[in-house]
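Given chain E's structure and the hints, the job is docking chain F onto it.
Protein sequence lines, in the order shown, are assigned to chains E and F.
Here the first sequence is numbered in the working numbering, starting from 1 and rising by one per residue.
Here the second sequence is numbered in the working numbering, starting from 1001 and rising by one per residue.
Treat the hints with care, since some could be wrong.
[Claimed, not checked] Just the calculated beta-carbon pair ranges, DEER-fashion: (1) Arg1119/F to Arg246/E: 26 to 34 angstroms; (2) Leu1251/F to Asp497/E: 43 to 51 angstroms; (3) Ser447/E to Asp1409/F: 56 to 64 angstroms; (4) Ser544/E to Pro1129/F: 34 to 42 angstroms; (5) Tyr1453/F to Ser544/E: 17 to 25 angstroms; (6) Ser1571/F to Met128/E: 55 to 63 angstroms; (7) Thr228/E to Ser1553/F: 33 to 41 angstroms; (8) Asp497/E to Asp1537/F: 32 to 40 angstroms; (9) Leu412/E to Pro1254/F: 53 to 61 angstroms; (10) Ser544/E to Ser1571/F: 26 to 34 angstroms; (11) Glu1428/F to Met128/E: 41 to 49 angstroms; (12) Met128/E to Leu1407/F: 30 to 38 angstroms.
Note that these hints are calculated values from the structure, not bench results.
Where is the CB? At the ideal position from N, CA and C, for every residue including glycine.
Here's the letter readout for the chains.
Number of protein chains: 2
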Amino acid sequence: MYFPSWMRQLYRGLSAQPAWASPRRSLVLSPHRRLPEFSSFIARTNTCGELRSSHLGQEVTLCGWIQYRRQNIFLVLRDFHGLVQIVIPQDESAASVKKILCEAPVESVVQVSGTVVARPPGQENPKMPTGEIEIKVKTAELLNSCKKLPFEIKDFVKGAKEFLVPSREPGKFYSLPQSPQQFKQLLMIGGFDRYFQVARCYRDEGSRPDRQPEFTQIDIEMSFVDQTGIQQLIEGLLQYSWPSDRGAVALPFPSMTFAEALATYGTDKPDTRFGMKIIDISNVFRNTEIGFLQDALSKPQGTVKAICVPGGAKYLKRKDIESIRKFAVDHFNQEVLPVFLKTSINWNSPVAELIMEEQRLEFIRLMQVQEDDVILLTAGEHQKACSLLGKLRLECADLLEKKGVVLRDPALFSFLWVVDFPLFLPKEDNPRELESAHHPFTAPHPSDIHLLYTEPEKVRSQHYDLVLNGSEIGGGSIRIHNAELQHYVLATLLKEDVKLLSHLLQALDYGAPPHGGIALGLDRLMCLVTGSPSIRDVIAFPKSFRGHDLMSSAPDCVPPEDLKPYHIQVSWPADSESEKNSLNLHQES
Amino acid sequence: MYFPSWMRQLYRGLSAQPAWASPRRSLVLSPHRRLPEFSSFIARTNTCGELRSSHLGQEVTLCGWIQYRRQNIFLVLRDFHGLVQIVIPQDESAASVKKILCEAPVESVVQVSGTVVARPPGQENPKMPTGEIEIKVKTAELLNSCKKLPFEIKDFVKGAKEFLVPSREPGKFYSLPQSPQQFKQLLMIGGFDRYFQVARCYRDEGSRPDRQPEFTQIDIEMSFVDQTGIQQLIEGLLQYSWPSDRGAVALPFPSMTFAEALATYGTDKPDTRFGMKIIDISNVFRNTEIGFLQDALSKPQGTVKAICVPGGAKYLKRKDIESIRKFAVDHFNQEVLPVFLKTSINWNSPVAELIMEEQRLEFIRLMQVQEDDVILLTAGEHQKACSLLGKLRLECADLLEKKGVVLRDPALFSFLWVVDFPLFLPKEDNPRELESAHHPFTAPHPSDIHLLYTEPEKVRSQHYDLVLNGSEIGGGSIRIHNAELQHYVLATLLKEDVKLLSHLLQALDYGAPPHGGIALGLDRLMCLVTGSPSIRDVIAFPKSFRGHDLMSSAPDCVPPEDLKPYHIQVSWPADSESEKNSLNLHQES
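Only chain E is shown next, with the shape it has when bound in the complex (with noise of 0.2 angstroms):
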C-alpha cells in the first residue's frame, strides 16, 4: 500500500497542487509557525518521514502507525511520508506515556509529542533518511488500537439505485458507484495520507429534473484531520478557484448549527441571503386566551413562530394568501395566520381583540414589523413549524421578487457550513427505531459520545455541509475510526445486519487512522455560479429529463446476440406498455 513520494508528486502536479498548495500556504493555522505543506489542515506539525538534523530542538507532534518497538525504549513510528524513531520516556513522571506506546499493539495509530533530539553517537542509522535524529516523548495518545494483521476481505454491501453492468459471467452484475464512499475510507486505513479525486459518479433516480444519473464530484479524505482542517480546505479550495467576476470570496464561511439552521431558517440549508427569519413568539402568547395558541403551546415541543414578510401587505393579494394557507394545510397540516398590520392601528385579524396591549407591542418588538408588512403566523410541534415557515419564506420570497423586489442579490455568493446535524433521526415508519441521519460511518460529535448509551437520538454528529445560496453544493463528516463504536452503532442503535459490512469493520480494528472528508458536486456548484436554471446547462451532453442522451441516442436498442456474451435477455412488458414508453419518448424535448 505504500504509495512513493514522487507519485504523490506527479499526482499533484497533474491536478491536484495548485488548488490545494495556495490554501495551505494561506492557512497556516499559527500566524508563527510555517506548516509543512505535509501537514496543512491537521493535528500533525510534521510528517514522520521528513524530520533531519536542521530540526533538533523542534517540538513536534507527529501521527502514525506503530512500525515495532525494540525492549519498550525505541518504537519506530511510520506515516505515508516515512519512518522516525521515538525515544519512549523511562522516568517514573511518564509512566502513563509510556504505558501507551508499551501497550499500544503494532500497527496501532498514535499521536506523539516532543522534541527533536540528536542519536547518540554510534547511533545514527544512514540507511534511513531520518536516521540522525529521534523524537524525545512527552505527550503520547492512543488514536487507534490494532488487532493482528492481516485481514481478510469478505463481504461488501450493495446499496439500491445503482446502475448495473452484466458481465460475462452469468447472472453477475457490476454496479456503477453511486460515490467512492467506503473505496476512500478504506484506502484510508490502508495508510494513504490524502485522497483527492474528481469523481465520476452514477445514480439512476429515474426522472429527476434538476438531477443527472451521471455527476461528477470533487471528492475528498484526508487521515488526522478534524472538521477544521477540512473546511479550511475546501474554503481555500474555493476561494482559490474562484472567477474573478464574481466577487471575492471571504474567509472563513460562517457557521451554523443545525438547530439554529432549523429554527432559524425552517431548512437544514438556509439561503442566508435575506432576512425574514422565523422568530419564536411562543412566550408573547403564553398568557393569552386564543384557543389554537394554548392546543398548541400546551402539547410536547409546542410553539408560536412567526415570520414577517417585509411589504407583503402591498405585494401579496389575497390570492398569494390563500394559496399559502393551502399549501401549509395540504403539506404541513398546520393553520397559518396572516397578520396584516398597520403598527399604528388595531390589527386587522380576528384574534385581534383577544390580545393585550402589552402582548401587541412585544409581538410587534420581537418581530420588528413595519408598516406593510405581513406577519405569517403558525403553531405547532416546533420542527413542523419551523419547516413550514421556512417554505412559505423562500416562496413569500419569490413572490415578492416577481413584484420587482430584490431580496436575493444573484451577485452575492452566501457560504455557509451547517454543522452539529443529529446522528441519528426516528425511522419515519417506525419511529420508536433510529436510522443515520447521514450515513452509518458517521463520528458522534465528541461532546455528545456518553449521549450513545444514554439517549442516542439526541447525539449531535460530525457531519457537516456546506450551503451556498440556500443550496447544498457539499457534504462530509469525520469517519468513526473506532471498530467497536462502529460495530455498537451498526448492531445496536441501527440494528444493521454488521455481516454486510465485516469488511469495513475488520478493516477499523487492524489501525484505522482517524480520518475525514468531503464531496463537492461539482455540477450543482458550476450551476450557481453560472447563475444556471439546470445543472444541465454546465454538463456537456447532458442526459435529458428521462435520462437519454439525445446527442448519442442513449439508451438505444441491442440486437439480441450483443446481449448473449451477458447471459441476459430482454423481459418485454405487455405491448400497449411498451407502445406508452415509446410515445412518451417522442414527447419529450
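Relative to the frame of chain E, chain F by itself:
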C-alpha cells in the same frame, strides 16, 4: 455552447492550470516574443477577445469563426475568448484576401494576419471589450467553410466491446464509453478551445492480463493546433510532472517515422534504450547463389535482414536458438538463420561456403559484428522480416538479461514520438480493401493529400504515438475537419455506411475548426514510471485477471427483483457450464 471565461479559470484552478501553465510558459515558440497563455502551442498569436489599445501596431494572427459581415467592409471574428472587428481590405492588390473574407459563409472558420489599429474617432464601441481597436488584415486563409446553421443531430455509431448498462426503458441500454473521442471532437466543433479531462474509460475485453476493464486517460483536444503543438504540450506536461527521483526529462523527445521504426526496430513502439537494430543486408546477398536468399529477394518487397546479438555466442544456448527458430516458424512462417561468427575465422554456418570474402567483409562491416556475437538472419517480405526480427530483438534482450547482461537500464526513460503512420492498412480478410490504421477521423499528412485520390494506400497520416521504453503510453492525431474529405474517406475509401456517422459529418459542415488531440494512458504511464510489473499495481482496487474486484466481490449476483426495473432477466446456461464458471471463480487468486 459559449463557456464563460471564469469557468475555464475555475477549471484550470481546480485541475489543469499548473500542468499546462508551466510548459506554456517555458515552451514559447520564439525567444523574442512572449506568447499569451491561450495561444501557446497553436498558430495564432492572440485570441480574438483579448486585443486592446495596448496592442496597437502589433502584427497579429487570429483564428476564429465569422460572426457576421457588414457590407463586405467589416467582419466580426469570434473565438472562444471573444469578438474582434476585422477590416476587409478594399484595394486591388488584396483582391484574393477580400474574396476569401467576403465569400466565406457566416460561421466559416478563418485565419487572418494583420495589424491592430485604432478605430477611427467616433467608431469605437464601448460595449465591446475590443471595441477600441480593429484588425487591418493583410492575409487570410479559409480553414473551413460552414453550411447554414443549425444542424440536427441524428444517429450515433455504437462500437463493440462497450459495457452495456440496462436502462429502465424496456430493451434500451446505455453503454460505457471506451473513450470520449467523438464527444471531444464535437466540443471543438461547438467552439470550445481546449478540452482536458482525466477521463475514466471502460473496455470489455474479456480476460487480458495486461489491461483493466476500467482505466484512466489524460484526454486532450485542442482547436487550431498542429502536431507540433500537441507534442510540445505533452512534453512540457511530462517534464513538469516527472518525479524528481526518476531523473530529468530532456526535451524535445526524439521523433521517428513509422517507416523507420518498422525498418530499424520491427515495431511501431521501439524500445530505444538499447541497440540490436535491424540491418538491411539485401545488397550484400543480391549476387550470391544462396537459393533461399535469392528466392526472397526476387519477390516484391523482398529483403534480407539481420540483427546482431552482442555476446550471443557466449550467452545463448542451443535450446535458446532452437526456440528462436521455432518461434519464427510458428508465428511468422519464416526461417531464421543463426550465424555464429568469429570475425577472424570462417563462418560457423552451412551457407558460409557460398559467400565470397568480399561479401563476408561487407556483411561484417554492416552488422558491426564482434567476436562472440551471433547474427540472426532472415529473408522475406520487408514488413514480415522486420516484425519477426523486432520480436526476436526483444526476446534476445530478455535472454541476455537473464544471464546478467544489462541491456535496458531500468533508470533510463527513453521517450520517442512515432509519426507518419500510414493512414490506411489493407484489410486482413480482404487485402484489396482498406481500413483505417487508427480511426477514420485521422487527418492525412498534408504532403500526401493528392495521393488520397490516386494511391490511398500510400497516404501517411497525422497520427502520432508516444512511446516510452517500448510501450505505447499515448496516441493521438490531427483530425479531419473538412466534411467533404471526411465523407470521401468514409464512403469512397473505407466503404463505410456514412449514415452511422452522419452526425459527425454534418457537424463538420458547420464551421468545424482545425483540431487535434491526444490521450495518455495514465495507468500504463504510472506502471512504467514505478517499474511495476502490472498496471494492477498502480490502480486502487484493481480488477483481477478475470475482471473481478476482489474487494467488493464485483461482479456479483443480483436478486431477480432488482433486475425487474431494468426489464432484463438472466439467460442461465446449462448447469455444467455454470458450475464450471463458479469453480474457476474460486480458483483465481
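Now for the hints, and whether the structure bears them out:
Roughly 31 angstroms separates the CB atoms of Arg1119/F and Arg246/E, a value that falls within the hinted 26 to 34 angstroms. For Leu1251/F and Asp497/E, the hinted distance range of 43 to 51 angstroms is not satisfied, since their beta carbons lie about 58 angstroms from each other. A hinted range of 56 to 64 angstroms holds for the C-beta pair Ser447/E and Asp1409/F, which are about 59 angstroms apart. For Ser544/E paired with Pro1129/F, a C-beta distance near 35 angstroms keeps the hint of 34 to 42 angstroms intact.
Checked against the hint of 17 to 25 angstroms, the C-beta distance between Tyr1453/F and Ser544/E comes to roughly 43 angstroms, which is inconsistent with it. At about 59 angstroms, the beta-carbon gap between Ser1571/F and Met128/E stays in the expected band of 55 to 63 angstroms. Distance hint for Thr228/E and Ser1553/F: a CB-CB separation of about 37 angstroms, consistent with the stated range 33 to 41 angstroms. The beta-carbon spacing between Asp497/E and Asp1537/F, approximately 34 angstroms, falls within the hinted interval of 32 to 40 angstroms.
Judged by the Cβ atoms, the range 53 to 61 angstroms given for Leu412/E and Pro1254/F holds: they are separated by roughly 55 angstroms. Checked against the given bound of 26 to 34 angstroms, the beta carbons of Ser544/E and Ser1571/F, roughly 31 angstroms apart, stay inside it. In this structure the hint that Glu1428/F and Met128/E lie 41 to 49 angstroms apart at CB is violated, the actual value being about 57 angstroms. The hinted range of 30 to 38 angstroms is satisfied by Met128/E and Leu1407/F, whose Cβ atoms lie roughly 33 angstroms apart.
Of the numbered hints listed earlier, those contradicted by the structure are 2, 5 and 11.
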